[in-house]
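Those protein sequence lines, which keep their order, are chains A and B. The numbering of the first sequence is the numbering used here, which starts it at 1 and goes up by one. The numbering of the second sequence is the numbering used here, which starts it at 224 and goes up by one.
Since no wrong hints were added, every one of them can be taken at face value.
Derived pair list, reagent style BS3-like, types lysine-lysine, alpha-carbon separation capped at 30 Å:
1. Lys197(A) - Lys416(B)
2. Lys141(A) - Lys432(B)
3. Lys416(B) - Lys643(B)
4. Lys409(B) - Lys94(A)
Because the hints were derived from the structure by calculation, they are not lab data. Just so it is clear, the structure is predicted and the values come from calculations on it, not from any experiment.
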Amino acid sequence: MNGDEMVTVYIMGKRHRVPANLTIMKAMEYAGYQLRRGAGCRGGFCGACSTIYRMRGSFRLQVALACQKMVEDGMIITQLPFIPSEKKRYNLEKLRPDPGVFLEYFPEIARCLSCNTCTKACPQDLMVMDYVQAALRGDIKTAAELSFDCLSCGLCAVRCPAEIVPYHIGQLARRLYSRYIVGPSHQVQNRVMEIEKGIYDEEIRRLKSLDINMLREIYSRRG
Amino acid sequence: MQKSISLVEETRRERAGRSFPFMSMEERRRILEEWHPDYKPGTKRPLLIGPSRGMIVPHEVADILEAHPLIGPNEIDVTDPEYDVDVLVIGAGGAGLSAALTAQESGIETEGILMVQKLRLGDSNSKMSQGGIQAAVGPDDSPALHFLDIIGGGLFANKPELVEILAKEGPEVIRWHESLGVIYDKNPDGTMKLISGGGTCRNRMLTCKDYTGLEITRVLLDEFLNREIPYLEFTCAVELLTDEQGQVTGAVLWDMDSDEYRVVRAKSTILATGGFGRLHIQGFETTNHYGATGDGIVLAYHVGAVLRDLDATQYHPTGAAYPEQLVGQLCTEALRGRGAQPVNRLGEMFVHPLETRDAESAAIIRECYGRDLGVTTPTGMRGVWLDTPLIDLLHGPGTIEREFHAMYRMFGRFNIDIRKEPILVFPTLHYMNGGVEINPRAETSIPGLFAAGEVCGGVHGKNRLMGNSQLDLYVFGRRAGRYAAERARKVQAGRPTLNHIERYERWLEEAGIKTSRKAPILLPEYRGKRTLEHIIKLL
Numbered sequence: 001m002n003g004d005e006m007v008t009v010y011i012m013g014k015r016h017r018v019p020a021n022l023t024i025m026k027a028m029e030y031a032g033y034q035l036r037r038g039a040g041c042r043g044g045f046c047g048a049c050s051t052i053y054r055m056r057g058s059f060r061l062q063v064a065l066a067c068q069k070m071v072e073d074g075m076i077i078t079q080l081p082f083i084p085s086e087k088k089r090y091n092l093e094k095l096r097p098d099p100g101v102f103l104e105y106f107p108e109i110a111r112c113l114s115c116n117t118c119t120k121a122c123p124q125d126l127m128v129m130d131y132v133q134a135a136l137r138g139d140i141k142t143a144a145e146l147s148f149d150c151l152s153c154g155l156c157a158v159r160c161p162a163e164i165v166p167y168h169i170g171q172l173a174r175r176l177y178s179r180y181i182v183g184p185s186h187q188v189q190n191r192v193m194e195i196e197k198g199i200y201d202e203e204i205r206r207l208k209s210l211d212i213n214m215l216r217e218i219y220s221r222r223g
Numbered sequence: 224m225q226k227s228i229s230l231v232e233e234t235r236r237e238r239a240g241r242s243f244p245f246m247s248m249e250e251r252r253r254i255l256e257e258w259h260p261d262y263k264p265g266t267k268r269p270l271l272i273g274p275s276r277g278m279i280v281p282h283e284v285a286d287i288l289e290a291h292p293l294i295g296p297n298e299i300d301v302t303d304p305e306y307d308v309d310v311l312v313i314g315a316g317g318a319g320l321s322a323a324l325t326a327q328e329s330g331i332e333t334e335g336i337l338m339v340q341k342l343r344l345g346d347s348n349s350k351m352s353q354g355g356i357q358a359a360v361g362p363d364d365s366p367a368l369h370f371l372d373i374i375g376g377g378l379f380a381n382k383p384e385l386v387e388i389l390a391k392e393g394p395e396v397i398r399w400h401e402s403l404g405v406i407y408d409k410n411p412d413g414t415m416k417l418i419s420g421g422g423t424c425r426n427r428m429l430t431c432k433d434y435t436g437l438e439i440t441r442v443l444l445d446e447f448l449n450r451e452i453p454y455l456e457f458t459c460a461v462e463l464l465t466d467e468q469g470q471v472t473g474a475v476l477w478d479m480d481s482d483e484y485r486v487v488r489a490k491s492t493i494l495a496t497g498g499f500g501r502l503h504i505q506g507f508e509t510t511n512h513y514g515a516t517g518d519g520i521v522l523a524y525h526v527g528a529v530l531r532d533l534d535a536t537q538y539h540p541t542g543a544a545y546p547e548q549l550v551g552q553l554c555t556e557a558l559r560g561r562g563a564q565p566v567n568r569l570g571e572m573f574v575h576p577l578e579t580r581d582a583e584s585a586a587i588i589r590e591c592y593g594r595d596l597g598v599t600t601p602t603g604m605r606g607v608w609l610d611t612p613l614i615d616l617l618h619g620p621g622t623i624e625r626e627f628h629a630m631y632r633m634f635g636r637f638n639i640d641i642r643k644e645p646i647l648v649f650p651t652l653h654y655m656n657g658g659v660e661i662n663p664r665a666e667t668s669i670p671g672l673f674a675a676g677e678v679c680g681g682v683h684g685k686n687r688l689m690g691n692s693q694l695d696l697y698v699f700g701r702r703a704g705r706y707a708a709e710r711a712r713k714v715q716a717g718r719p720t721l722n723h724i725e726r727y728e729r730w731l732e733e734a735g736i737k738t739s740r741k742a743p744i745l746l747p748e749y750r751g752k753r754t755l756e757h758i759i760k761l762l
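Bound-form chain A, shown alone:
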């Protein structure tokens, strides 16, 4: 794309001419906004920059991450400074990986209409509806795996007509899956025990006592 090409966008209704090769986030900055809410990692890893837009002449409301979506001519843009969702409190130690756990904490999942709006909203292209349905069935493993790449941007929750908050459900599924279904690694626990017994202390003490030239020598010969 030619770097000189300009497009017209409407940021919260105000008209701006911005270079066409910018993301929504950079276009807002180009237009003069210093972002406070609505900017995070700027690399598609944190979900802080959830954005709603509509193209002029279109009835369709669309969603995106501002740092990942390029501007287009005629875009009408607003960011979501905050997603008002309730985070259920639970104590993982007292939970069990029972099939009913999701319905207990998120009874609203029974209202899922299978409309797939959440999946269509997901900027990570996750199968959101499928993992909500897996949770409804009590299939913790599938819910954990399908939701793994979730950034908790909240766009699924703001679009869901049944007012489900999929990303909190995915989080619970993943923690349960790791804690109770996969379980802790014995390899790690054994190494922790060895360290607590002090079996590596002598070797490290010896390394710490060496002068820098000796240490350098041992370092370059390590293998």
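Start from chain A and add chain B according to the hints.
Same frame as chain A, now just chain B:
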């Protein structure tokens, strides 16, 4: 670019499985001196004020340290704090979250803790880390080997007592994470999947696909919310508070939504504010979070805390150089760990894929600017190829899609299929190797002030290895929480003052520094045409 891609394709089969020799210690020293940005003359200056006066730091760092505090000594009344707590945690990334959880586990009442965060809870460099976390859990590995790798990677400038703790507490951190429900990648037999990273003598990298930092941070955040620890988002620290003895006793906060100051008195204060990528040292693009403006080193220096190793800056060897929208973004080192090779315009290897980050970066810069064997993009960025299709060639089709969701998705958004095409990369500003000096109790040189994570100095010496910053967050974050709690149980809160600001202004005046600069800067300035700038001062 297309012509060069064909050359890469032509040599791919021949290169697959072949390896480029590692540099000797002498070669590594020479390439660093000639090509690493840290060694470039005219990019740094000695600090003129404060306890670390004389330390050589990048101009961009000196500029924020040799600057006026944001508030004057008499501008706000700090004697009547709005919050009075035992432990104040500044920064809600991996280190801050670990510190808050651990302070609570150490017996501090929930209401006695306050977490403040400049942006959203959890938003941090911690979350962006893709490649993995090191811990010596493999059967052929040991904390002693990890110790050697850390200290050699750090050019032997690390504090050995901190290195020992980092290496020895690694496996315990992984155990803790698993107990909280972090999903680590495992082999079919249940053992941990371990991959290699630059500068390590064993496969020691544990991963959560290429969303390692995201997975760990969101679990800690979920746990933090479950425990109902009080927090303030979009509220940053602009100054610390000190008592008559100069001990830290809280902070002045600024509410980014209402533009108001808020005063917190605390018995212990933990700095977990991260690094400085958004200062764009030498004009480099950065992998860092929007909030990484080096606030913590400024706050600590105002109260007289000792800094160290800030002369050494880490450039990640493989930032994206194309497309324009991704310039500077991280291309995880795990790609190289799984076999992707850096190759030049002619499709030739020129460096081992897993040198330490400083040497790997220097070699890529030399290839582009010394030997003119890089590829130039339409916007003038130079870079070399990272031959990602090798991964599927070596480990079977499907490997990239399975293990590198984030990378595959990131480039896929711009119609680049990393399974089939190499990606163009160039070093990008990644990590603040030095920072506020700590001891094994995560204490700074000023009583009452603790620090953990990237804001600290001493753990990684002059160069951090992949996966050791993730580990550092939790090892020293937990230590900060534990020892901050211990102090809070013992001491009375001091009477808060801003006396140190008067002293700082005096230092500036005595050193003859006349400037309108103010710090911490809190947010980077990208408005208007700055959005379009990429000025790397390499030539």
